[in-house]
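Mind docking these for me? Both chains are given alone in their own frames, and the hints should help you get the complex.
Chains as they are written, first to last, in this note's numbering: chain R, 921 to 1265; chain Z, 36 to 390.
If you are wondering where the hints come from, they were derived from the structure by calculation, not from laboratory data.
Note that beta-carbon positions come from the ideal geometry of N, C-alpha and C, so glycine has one too.
Watch out, some of these pointers could steer you wrong.
[To be verified] Partial list, derived from the structure: chain Z residues whose beta carbon lies under 8 Å from chain R: (1) Pro-56; (2) Ile-88; (3) Thr-242.
Chain by chain, the residues run as shown.
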Amino acid sequence: MSRAHQNSLSDTGRPDLDAQIAFARAAEDHGIDSLLIDFGWSKPDPILLATAIGMATSKVGFIIAHRSGLTSPTAFVQQINTLSTLINGRFALNIVAGHSPAEQRSYGDMLPHDERYERTEEFLALCRAFWKNDGEVNFAGRYYCIEHGRVNTPFQSPTRTFPELLIAGQSAAAQRLSVSQGTCWMRLADTPARVAAEIGAVADTGTEVGLRCAIVARPSHEEAVNAAQAIAAAAGTVFDDRRKEREFVAHTDSVSFKTVHQLAETEWLTPCVWTGAVRSHGAAAIALVGSVQEISSTLLEFGRVGVSQFILSGWPNLDEMQFFGRHVLPMVREQEHAQLVPVPA
Amino acid sequence: MSSAGAQHRGATARASQSGVPDIAAHVAFCRRADECGMDSLLTAFGFHRPDPIVLASALAMLTERITFMVAVRSGVSSPTALVQQVNTVAALTGGRICLNIVAGHTPAEQRAYGDFLSHDERYERTDEFLTICRSLWSGDGPTTFNGKYYTIDSARLNTPFVSRERTQPEIFLGGNSLAAEQLAMKHADCLWRLPDTPERLRPRVATLVDRGVEVGLLVSVIARPTREEAVDAAYRMIESLGAKPIVTHRDFASSSDSVAFTSTYKLADETASGWLSPYLWSGAVPYLGAPAIALVGSADDVASAIIEYRDIGITQFLFMGWPDIEEMTFFSQAVEPLVRAKEAGAALRMAVSSW
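So here's chain Z without its partners, still in its complex pose (with noise of 0.2 Å):
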């Protein structure tokens, strides 16, 4: 969420984005989210952005209850050390950090951080890593790890992770590969996908519901009073961004080894109305990238739309929306009440993160 107080941070080069966290603006939209009732808010990773767990840390000594999902990219850091400032950053705040583990979608950004390894590696070097961290968390006794990637001689570290609830964070995992799918079976508590139509989506959900792990959809929303509204706004914020960033896009698709994002580029390109489902509308993700795929219309059909992948299987949320803390705040007021008075059972959770 590094971009709070810039709106359309996506429709420009990374390489061009100010990595200077303006720290007013996070604060202000951390705390405007502890007051809409988020769970949990994104600090995503790139070369292009502050460093995801410092930013969290700082964040979280200046608000009180909302927890961090810290993106980390696996492979840049020992496992040892990152679960030391997991745990240290636990410990500074009673546990209020999880983990969104991306394994990497760009080989030129990987290369940058001195990692060149192959997309399928990265996921088999990714399982070797969590597996280390999670034995770390386990408490039983000193970690010893002989594989592939990591070789963890006897490790044990005194700052323990420290939570009410959890004796180690809850994971997230990114991806929308097999691969991304195999290690969420093994290692995490949930898998972020991007979004399909709830019909295309369902029999891979399943798969990973039936093996206990939780599917989350990471999406934008354009929310209005009515359904012409949103439409209207949708429209007019990609108008306003000019064909630049179409280019712009077109560069980081074309370099991009990451299933999640150049699937949804496809799709896309393939959905020429722009409307894969009455409600799911790809027409941003050329302009601001894939995770702009978006739920757009009245607070009614968001809801209703939220309903529909929840009765498929999904049970957690990440949401985008331009500007975020407009969109936010006008989620929490006229959506979520929308989504809590239709679902049954289980609460369904939701985070944010601007773009």
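If we strip away everything but chain R, and leave its shape as in the complex, we get (with noise of 0.2 Å):
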């Protein structure tokens, strides 16, 4: 189902624990690091629920999406360390500046595109002083003013000192805040040769990069591009999908989500890199399709340019994740020395 077509049923702010909680395990029993809980007005939030599956689970972590400006620095990391105590750390941060400006004003939040990714230097500049854990915090800057800040929990993981900070975005903003602050930069997917010659700046400074992308994989081929295809021509007999993302995508203000739509004008990017849902399904919809070798040989190409974390969705989720972890993921594992950490949606 497509996010608008999501969005608009109320429903979906509902969460189903006991279905999420059967997810989470699927992806503990696959291979999978983390869950990708996602962040917007239409869902549940996902500290909380992170939280609540993270209760229920002892070994899947969780990447979970965070709207920087809404929540002061300090109340930030208390909740986040809070949660560390209690799944021992199990989750890293998806940090998204925005990407609809009426979206962010519902919020409380008039900032620029710009101003917001700004706010967000401050904003993290602000967790990772806490994070370091020596003493009191005090900053004066554009956005957030902090006296003699402290927190009493700390950061509790067996590996880290802080949690791990994927940026997300397209835009020269996001890359310079993903090197400055975040320990990954997480874009949506291109073709191989583009993505190797866009990130080469941000991996040089030793910050990791990350893809994030839907996955068609099927036995052949052929039954991948069929199955790609069906999913892009039911969008529409129920909702009018492309209509709703057009309206969210000429009111959006993010880079990556605009740039992906530019390249939906070509349907397939390479053989294996296809936009045909993007219309319809969003920029995040974005896929690998092929064959079970064809999907673990893009993964690998994207691996051998420099990419090193993918966050992968699939239609319906949980079939696709398990066909994923079945096949492709030990195909992969085989082939690779790089670190690979794959993660569905």
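Here you go:
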């Protein structure tokens, strides 16, 4: 189901905890490292949803999306640190500066795109100062002023002193922020050649690069292409997904969303990289489509050019994840030496 | 109630208290509170504690019935984002959440959260904050608001407040100031007050009750089989704490702009004997802070005291004790049945917190 269609159904905000826990356990069983929990007005709060699922699981991690700018950094660090003590630090943060001015205004945030990134820079600098855990935090910036800040609940994890910080976005501002405050720049997929050309500056600084995309993997190339076409064809039959997505894109100030929508002028960017669902399902629906062997090779190709993390999704999510875990992932693991972290949304 | 397991947490400076939750102790406390028939359990807010809504969400996954009274320090997050968090907990737990809205009590702590407003401005902002939250809960279409502190444009959320009985959480508000009373009349179901004698509380309580707002008492309890044992336990407790906490609390009192806290410290200072009435004891306040003002006595004394407060219009209680789990257990076995036998009309509602 497309994002626009989901948003139109008020039920999308009601978490089905049993189903989510079952999905998380299936992810654990299929070798998936973490689950992305998105942020948006149409969804439950991701920190608290991760808390609930985290209390019912023991291994799988979470990538908790955080819309910067809506909370005091002190209060945010306190929530994050509290969660870390409860689930042993099993999560990363996906920092999103926002993609729709209208949605931002509904949360009380009136800043334009670049200023949101500037504010996020201050926000994360403050968070990281708290995570250093070496005394009081004092900060006087353009967006935040914190005096003698302290949080008595530390970040707890067996391996880290602060959570991994995945910075979402395609703009120059997002890349700068990834390098200055993040641990990984998380961007949407494109062809391996263009991704290679675009990520060099970030990768050279030692910041990881991650790709977000969908997967349509089937035993054969032909089956995968048919499945992909069926997904695109189904859009619009019960809901005008394309019109809704057009309206969304017309009002977004997200560089990644606009970029991918431009790419979608061409349906097949390579024999494996497909944009056919973008216009109905949104930019994150840019997909790798193909046989087990083709998907595995494409992932490894991205790996060779410097991508080390993937946030993956599918339609339906559980079936695609299970197929991916059973067939694609073992082939990738067999062939890779580089670190690879696939993550279905 | 983030002190579960730590008996006299309030005796040490906040800066040196641990903020790491002992989840096993918390769960044990929650389950006992459930067995003791407590309606709800407060998770308090402060830089020295775990985050209350995250902690409540985790504890709710491990318990069945009890409602969590989650403290919300207004002004540290977007009202839309806060409602989204509260509704998420409600949706995950079938509505086992109510809110204790606190406008802050210490300017220094507020500044640590990035908030530089004065006492009365904090209440003004909380008024705007709750206006927006309640509009989102009303479900009457998108919320738009243009105020001094918040501008919200067409806000809506897909996660509703899910509960069998309510369409929005029960809202408690803490404070003894006039600003707190006015805010409660506008937005809250119940105002928490720190105690004074029933005679002195009566006029303020009547004003609120006449306006349809419940008044609750935030009070500690030291109940024992006999009055002598209770008084002895009270005195032994402060003796065991030594003199150091007095300095800690004098420092805290001088930095607080909370009328509830400073007036209770003052009340304790002015009451040389420590006894405001035969059962209302302020002797622990200099050692454990304003909420340590306590009902002390036999089960019958404490039950009678509760009924006296009920007679002036108080309908809810938020109790603390030391050690919390033992005091709560004795209370539910010995005191509560006496209260239930004596009360007439609607049952008093009881919540619990440890300090």
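Query - Hints not upheld, ascending by number - result: 3
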